[in-house]
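Could you build all of it, start to finish, from the sequences and the hints given here?
Quick note on UniProt numbering: the sequence shown kicks off at 1 and runs consecutively.
Don't read these hints as lab results, they were simulated from the structure.
Hints should not be assumed to be uniformly reliable.
[As the list claims (entries may be wrong)] Restraint ranges, calculated between C-beta atoms of paired labels, are given here:
1. Lys118 / Ile19: 39 to 49 Å
2. Gly115 / Glu139: 12 to 22 Å
3. Gly37 / Lys118: 47 to 57 Å
[Unchecked claim] For lysine-lysine, the following DSS-like pairs were computed, each having C-alpha atoms within a straight-line distance of at most 30 Å:
4. Lys65 / Lys75
5. Lys126 / Lys116
6. Lys126 / Lys76
7. Lys116 / Lys76
8. Lys52 / Lys65
The structure presented is a predicted model; accordingly, all values stated were derived computationally and were not measured.
Glycine included, each C-beta is placed from N, C-alpha and C at the ideal position.
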Amino acid sequence: MQLDRIVNFHKTIGDKTRIQIIALLKDGPLHGQAIAGKLGLTPPTISYHITKLREIDVIYQRRDKNTIYFHLNEKKLAFLAQAILKIGGEKEMEPFQVDDKEKYNVVKNFFDDNGKLKTIPAQRKKKLIILEHLVQGLEKGKTYSEKEINEHIKQFHDDYATIRREFIMCQFMNRQNGQYELNPEEIWLI
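Have a look at this one:
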């Protein structure tokens, strides 16, 4: 895991309100009004903190009719919280960090020791795992030109056009007026 990611996680989580939100969501999903009521804060304040927690992927949202419920991503929270203990270990040097054994095996099989993608998997499930790893180096909320996306992909594979198209088709990214941006993880087809 990149050191910057660990630092960003701890900076984001180091807020009393955000820790209280995580503690509330530990008991199950809640909507924003309920969180605001339980913490005695305004909905815009809760919305701000929810956005920060979503940026580091420790919570996600699901819509139920007209209400959006927030869920704790316990697996990701535990992984990020434990990441500081792995600094300097052998796994730190691997091109990708994967917290799921199946995903780890797919990444290991399709990437060489230099972090280059050997082939694009034909099997959809494996292809989605590979695409998920390829977008990890991109920033949420940042827009990229087609040239920037191509350069990012070329680090891993020469067929940047196919992979760029797969990013769009599998909803990892959206394209508008020649600009590319990561979609929220909730709509990725994984």
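Against the structure, the hints:
no.: 1; hint: Lys118 / Ile19: 39 to 49 Å; result: 43 Å, holds
no.: 2; hint: Gly115 / Glu139: 12 to 22 Å; result: 19 Å, holds
no.: 3; hint: Gly37 / Lys118: 47 to 57 Å; result: 53 Å, holds
no.: 4; hint: Lys65 / Lys75; result: 26 Å, holds
no.: 5; hint: Lys126 / Lys116; result: 16 Å, holds
no.: 6; hint: Lys126 / Lys76; result: 21 Å, holds
no.: 7; hint: Lys116 / Lys76; result: 26 Å, holds
no.: 8; hint: Lys52 / Lys65; result: 24 Å, holds
In this structure, none of the earlier numbered hints is contradicted; all agree with it.
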